[in-house]
Amino acid sequence: MDHAEVQPQVGDASALAPVGANASPLRRDVAPAAVAVAPAPGRWARFLDGDVWHSFRTSPTAVVAAAVAALCIFCAVFANVIAPHNPFDLATLELGDSMLPPAWMQGGTPKYPLGTDEQGRDVLSALMFGARISLFVGGASVVLSLVIGVGLGLVSGYVGGRIDALIMRICDVMLSFPSILIALLFAGVGHALFPNANDLLAFGVVIVAIALPGWVQYARAVRGSTMVERHKEYVQAARVIGVPPWRIMVRHVLPNVMGPVLVLSTIQVAVAILAEATLSFLGVGVSPTSPSLGTFINEGNKQLFSGAWWLVIFPGATLVLIALSINLFGDWLRDALNPRLR
Amino acid sequence: MKPFAPWLLAATLSLAAPLSDANTLRVANQGDVQSMDPHSLNESLQLSFDGNVYEPLVERGKDMALTPALATKWTQTSPTVWRFDLRPNVKFHDGTPFTADDVVFTFKRAAGDGSDMKGYTNPIKEVRKVGDLAVEIETTAPYPILPDTLTTLGMMSKKWCEENKAERPVDRRKGIENTASFKANGTGPFRLKERQPSVRTVLVKNFNWWGKADGNVDEVVFTPIGNDATRVAALLSGEIDVMEPVPLQDVERIKAAGLNVLQGPELRTIFLGMDQKRDELQFSNVKGKNPFKDVRVRRAFYQAIDEETIKSRVMRGAASPTGEMVGAAVRGFQPDMNKRPAYDPEAAKKLLAEAGYPNGFEVGMNCPNDRYVNDAAICQAVAANLARIGVKVNLMTETKVTYFPKILRRDTSFYLLGWTPSTVDSHDVLSSIMATPTDKGQGQFNLGAYSNPKLDELTLKIQSETDQKKRNEMIREAFRIHAEDVGHIPLHQQALAWATAKGVQLTQLPNNYMYFKWITLKSSPK
Chain A
1 MDHAEVQPQV
11 GDASALAPVG
21 ANASPLRRDV
31 APAAVAVAPA
41 PGRWARFLDG
51 DVWHSFRTSP
61 TAVVAAAVAA
71 LCIFCAVFAN
81 VIAPHNPFDL
91 ATLELGDSML
101 PPAWMQGGTP
111 KYPLGTDEQG
121 RDVLSALMFG
131 ARISLFVGGA
141 SVVLSLVIGV
151 GLGLVSGYVG
161 GRIDALIMRI
171 CDVMLSFPSI
181 LIALLFAGVG
191 HALFPNANDL
201 LAFGVVIVAI
211 ALPGWVQYAR
221 AVRGSTMVER
231 HKEYVQAARV
241 IGVPPWRIMV
251 RHVLPNVMGP
261 VLVLSTIQVA
271 VAILAEATLS
281 FLGVGVSPTS
291 PSLGTFINEG
301 NKQLFSGAWW
311 LVIFPGATLV
321 LIALSINLFG
331 DWLRDALNPR
341 LR
Chain B
343 MKPFAPWLLA
353 ATLSLAAPLS
363 DANTLRVANQ
373 GDVQSMDPHS
383 LNESLQLSFD
393 GNVYEPLVER
403 GKDMALTPAL
413 ATKWTQTSPT
423 VWRFDLRPNV
433 KFHDGTPFTA
443 DDVVFTFKRA
453 AGDGSDMKGY
463 TNPIKEVRKV
473 GDLAVEIETT
483 APYPILPDTL
493 TTLGMMSKKW
503 CEENKAERPV
513 DRRKGIENTA
523 SFKANGTGPF
533 RLKERQPSVR
543 TVLVKNFNWW
553 GKADGNVDEV
563 VFTPIGNDAT
573 RVAALLSGEI
583 DVMEPVPLQD
593 VERIKAAGLN
603 VLQGPELRTI
613 FLGMDQKRDE
623 LQFSNVKGKN
633 PFKDVRVRRA
643 FYQAIDEETI
653 KSRVMRGAAS
663 PTGEMVGAAV
673 RGFQPDMNKR
683 PAYDPEAAKK
693 LLAEAGYPNG
703 FEVGMNCPND
713 RYVNDAAICQ
723 AVAANLARIG
733 VKVNLMTETK
743 VTYFPKILRR
753 DTSFYLLGWT
763 PSTVDSHDVL
773 SSIMATPTDK
783 GQGQFNLGAY
793 SNPKLDELTL
803 KIQSETDQKK
813 RNEMIREAFR
823 IHAEDVGHIP
833 LHQQALAWAT
843 AKGVQLTQLP
853 NNYMYFKWIT
863 LKSSPK
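Respectively, the protein sequence lines represent chains A and B. Residue numbering for the first sequence is 1 to 342, as defined by the numbering used here. Residue numbering for the second sequence is 343 to 868, as defined by the numbering used here.
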């Protein structure tokens with residue numbers, strides 16, 4: 001009894017949703033391709049045959065962006081396998097090799113392709129490990145804000161009334177604060193409350209700090225779509241045969257509002273990575289013993305006047321590369337999933 | 343409002359000139375002064391800054407020699423009794439006259455609960471008022487260097503402290519604050535105008551000061567700027583006039599911009615301490631025993647540290663590696679004993695194995711990141727050195743705001759500290775750093791509680807010995823014991839590095855104190 005399959009719908013995201021309004025009921029392929037709905041046989045084949053894949057193949061920007069992002073993610077995930085050095089293994093550090101410039105410059109050595117920092121750590125390896133932490137924190141905070149935002153948005157849009165008003169007013173309040181301020185405030189309070197926080201707790205604080213302002217976007221997008229879906233026949237049908245509201249929300253409405261959420265979260269990953277870098281740069285991010293790209297930029301910043309540009313340029317460039325590629329991919333995804341822009 | 347007459351006069355006279363013509367000195371440091379209370383923390387920056395507001399009985403001149411401050415004269419009337427004649431017509435910033443009562447009160451306050459200056463009051467038995475402007479200080483034993491030990495003890499007003507409920511010093515380790523932390527009422531050449539912790543602190547000239555300022559600063563704006571690059575940028579762009587310390591990597595850059603960098607040897611010794619008291623370390627994977635109680639482990643640590651590379655790489659040459667806990671300028675320094683054991687990780691490994699740790703162990707290390715020159719980087723380098731002999735160091739670097747209260751509570755297993763003997767005498771290091779801690783103030787900064795009764799005995803004898811030759815022999819012996827026990831691991835004496843904008847003339851003392859009364863701003867401020 002899966003109405004979503006019987007009658008594929010695309011969310012009508014009237015409010016803030018990046019996906020345009022007035023989805024055509026005639027569209028067949030978009031939602032099932034992108035959304036984890038029912039395990040239909042031959043899905044992969046259908047995906048390859050579909051518009052989205054075609055659009056992806058014919059968009060050089062999307063292909064390049066996806067490739068770069070995939071490469072970054074690959075390097076980050078398998079950092080401990082492919083990195084030439086392990087910057088966290090203190091026993092392997094040579095203090096005598098500190099502050100070496102990149103290999104192609106005078107004084108550089110091929111042993112350290114992108115140079116070393118003041119403790120003799122290899123910059124290239126440090127970047128891989130740092131990107132891993134940045135991506136982890138970014139990804140985790142997006143998942144968290146997605147769960148909160150989608151949950152509240154569904155309830156708000158489906159139940160309506162006072163609960164809707166309450167949740168939306170909370171959203172308005174959250175939106176009236178600059179998001180980095182909320183993150184700073186939370187991270188600051190978190191660090192003050194747990195001054196001896198171990199790595200895991202410090203991660204938690206940062207993830208929540210970034211997710212906190214982030215969920216609002218999801219809530220508003222999902223609410224808009226849900227309000228439209230709620231009046232559709234399949235929802236009414238489900239209600240008539242006595243399906244409980246939570247089940248309608250999760251099984252029937254949710255799959256049809258996931259389109260905009262997917263697009264939003266792609267872009268939000270980039271935003272979250274940047275937010276994490278900002279927090280770490282300001283010194284309230286993850287702990288210095290597990291440095292992220294933002295921590296490196298902060299550290300390298302101190303050396304900028306002394307001419308050790310490689311300590312800040314390379315982490316900065318990596319951050320830009322990751323954020324840009326994910327953003328470009330997200331842009332394409334938004335266009336591809338938006339029938340109006342085709 | 344009689345006391346304010348000259349002030350008003352000056353204000354009237356300066357009416358002709360717009361307010362911006364006041365000589366404002368803008369100073370930046372890597373960290374903030376932790377409190378305005380002169381007795382709450384025995385740390386150079388705090389004592390130096392508060393020393394512009396509060397004055398001691400005896401102070402140090404530009405040549406580090408003792409000069410009269412609030413006491414005009416001091417004489418030893420018997421081996422254990424000293425008479426201090428106080429300066430007449432001195433007024434606190436609130437207008438209250440300074441009298442012997444305030445001196446008696448100050449000594450009581452500094453010896454009391456919460457004070458961080460107990461090390462200086464410990465040898466004192468009693469402070470007696472012998473007239474409105476004279477006190478007698480009696481010591482428990484002959485104490486020839488008493489005047490030297492009083493140079494950092496700021497005099498406070500009894501009346502003001504009582505009115506403001508600040509009779510007890512601010513106790514940072516217990517997190518107890520009081521009015522004296524945010525307000526100040528001293529006798530010094532500057533008065534506190536504004537105090538925003540970690541943001542900015544403003545001092546203005548005290549027109550009622552008894553002395554004659556050797557500079558022309560009317561107002562001082564002190565700003566902590568933690569980030570090295572930001573601090574340098576602020577100096578280069580003319581946003582600040584004086585900065586301290588200069589990040590070592592930026593010395594060339596600042597010189598190239600035509601600004602002044604003042605570098606000089608500092609009295610401060612940077613060293614590592616180890617918890618040798620607890621039966622089980624608080625932060626280690628070794629359970630049921632304390633590896634640091636074994637001298638072989640301490641020696642292994644000492645030998646595993648490659649100080650020469652730390653000097654050349656981390657300190658960029660701006661440090662003198664040391665095998666002694668005092669620098670060359672300190673009385674009692676033994677030139678021939680200033681040798682470090684050779685850097686030898688293999689020998690260190692062997693020592694560890696002999697002590698029963700063939701595979702090393704894990705230990706937590708505490709380190710400040712805004713107190714000493716490149717402090718956090720030194721700790722990281724030490725951690726990397728120790729990793730080679732199998733010791734896994736879990737390094738925790740943090741701002742001194744949280745660091746000092748923690749280690750002063752002795753919540754640490756392994757830490758980095760720097761010490762400047764404010765008396766410029768070895769006895770200060772012996773009694774504050776090396777002697778067994780007591781609740782009287784002895785060993786107050788011996789945070790790992792290293793203890794050797796022979797050294798304690800020598801410290802007491804040194805305190806009262808007047809024969810310089812005998813005294814030096816005893817200091818020598820005490821240093822030898824300490825080195826043999828590896829009570830602490832000395833690293834180096836760091837070099838002072840201040841930088842000033844053009845047109846700033848100042849005096850840099852080897853104890854790293856910055857007195858604003860000696861600063862002259864030549865060009866009219868931008």
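Hints are computed from structural coordinates only; laboratory data are not their basis. Values in this document were obtained by computation on a predicted structure and should not be read as measured data. It is possible that part of the hints are untrue.
To be verified - A few chain B residues that face chain A, going by a derived Cβ cut-off under 7 angstroms, partial list only:
| # | residue |
| --- | --- |
| 1 | 570 |
| 2 | 571 |
| 3 | 574 |
| 4 | 653 |
| 5 | 658 |
| 6 | 659 |
| 7 | 719 |
| 8 | 726 |
| 9 | 729 |
| 10 | 796 |
| 11 | 799 |
Glycine included, each C-beta is placed from N, C-alpha and C at the ideal position.
Hint check results:
no. : hint : verdict
1   : 570  : holds (4 angstroms)
2   : 571  : holds (5 angstroms)
3   : 574  : holds (5 angstroms)
4   : 653  : violated (11 angstroms)
5   : 658  : violated (9 angstroms)
6   : 659  : violated (13 angstroms)
7   : 719  : holds (6 angstroms)
8   : 726  : holds (4 angstroms)
9   : 729  : holds (4 angstroms)
10  : 796  : violated (37 angstroms)
11  : 799  : violated (39 angstroms)
Checked against the numbered hints above, the structure breaks hints 4, 5, 6, 10 and 11 and satisfies the rest.
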